[in-house]
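For the sequence shown, counting from 1, position 104 maps to 389 in the working numbering; every step adds exactly one.
Mixed in with the good hints there might be a few duds.
[Said to hold, decoys possible] Straight-line Cα separation of at most 20 Å, DMTMM-like style, residue types lysine to aspartate or glutamate; simulated pairs:
{"#": "1", "residue 1": "325", "residue 2": "309"}
{"#": "2", "residue 1": "314", "residue 2": "391"}
{"#": "3", "residue 1": "314", "residue 2": "372"}
{"#": "4", "residue 1": "399", "residue 2": "359"}
{"#": "5", "residue 1": "313", "residue 2": "363"}
{"#": "6", "residue 1": "313", "residue 2": "359"}
[Unchecked claim] Label pairs and their in silico Cβ distance ranges:
{"#": "7", "residue 1": "367", "residue 2": "337", "range": "16 to 26 Å"}
{"#": "8", "residue 1": "308", "residue 2": "345", "range": "29 to 39 Å"}
{"#": "9", "residue 1": "348", "residue 2": "320", "range": "31 to 41 Å"}
{"#": "10", "residue 1": "393", "residue 2": "308", "range": "32 to 42 Å"}
{"#": "11", "residue 1": "364", "residue 2": "394", "range": "29 to 39 Å"}
{"#": "12", "residue 1": "398", "residue 2": "320", "range": "34 to 44 Å"}
{"#": "13", "residue 1": "397", "residue 2": "311", "range": "20 to 30 Å"}
{"#": "14", "residue 1": "360", "residue 2": "338", "range": "27 to 37 Å"}
{"#": "15", "residue 1": "403", "residue 2": "352", "range": "11 to 21 Å"}
{"#": "16", "residue 1": "317", "residue 2": "361", "range": "32 to 42 Å"}
{"#": "17", "residue 1": "358", "residue 2": "394", "range": "30 to 40 Å"}
Please keep in mind that the hints were generated in silico from the structure rather than gathered at the bench. Keep in mind the model is a prediction, meaning the values are calculated, not measured. No residue lacks a Cβ here, since even glycine has one placed at the ideal position from N, Cα and C.
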Amino acid sequence: MTNNNTEEQKVYDTEVIDSSVIDEGIFKKVLLRAGRTLAKPALEAFEMLLDTSTPPQARVSLIAALTYLIMPIDLMPDFIPVAGFSDDLVAITAVISLWSQHMTPEIRNRARRKLDTWFPL
């Protein structure tokens, strides 16, 4: 495979993940309800998922954690005030810790820009 084909495959992989795995509208709606504290690690996980250098094993874990986040009924239902998102925060931070070697400054910067756009100070 030539370098050009490799780049095209990376773009295609990102587009497939971006368009079919996590609906950004639903994701944003959940994070706006959850607040900035949960949004920061969730956006870092999301950006790590979209990064083409993230290995497939990490992507599967990230998809699972982000899916758990957007599910309204889970171990601690999200409609419970304050405590509702605590289990989601644990799941997201655990997955980020597990795959921290793949968290690059670029991923953190993309997540920070999105966080600042969604939660202006």
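Comparing the hints with the structure gives:
{"no.": "1", "hint": "325 with 309", "result": "15 Å, holds"}
{"no.": "2", "hint": "314 with 391", "result": "24 Å, violated"}
{"no.": "3", "hint": "314 with 372", "result": "18 Å, holds"}
{"no.": "4", "hint": "399 with 359", "result": "26 Å, violated"}
{"no.": "5", "hint": "313 with 363", "result": "15 Å, holds"}
{"no.": "6", "hint": "313 with 359", "result": "18 Å, holds"}
{"no.": "7", "hint": "367 with 337: 16 to 26 Å", "result": "37 Å, violated"}
{"no.": "8", "hint": "308 with 345: 29 to 39 Å", "result": "18 Å, violated"}
{"no.": "9", "hint": "348 with 320: 31 to 41 Å", "result": "23 Å, violated"}
{"no.": "10", "hint": "393 with 308: 32 to 42 Å", "result": "23 Å, violated"}
{"no.": "11", "hint": "364 with 394: 29 to 39 Å", "result": "33 Å, holds"}
{"no.": "12", "hint": "398 with 320: 34 to 44 Å", "result": "18 Å, violated"}
{"no.": "13", "hint": "397 with 311: 20 to 30 Å", "result": "21 Å, holds"}
{"no.": "14", "hint": "360 with 338: 27 to 37 Å", "result": "31 Å, holds"}
{"no.": "15", "hint": "403 with 352: 11 to 21 Å", "result": "20 Å, holds"}
{"no.": "16", "hint": "317 with 361: 32 to 42 Å", "result": "19 Å, violated"}
{"no.": "17", "hint": "358 with 394: 30 to 40 Å", "result": "34 Å, holds"}
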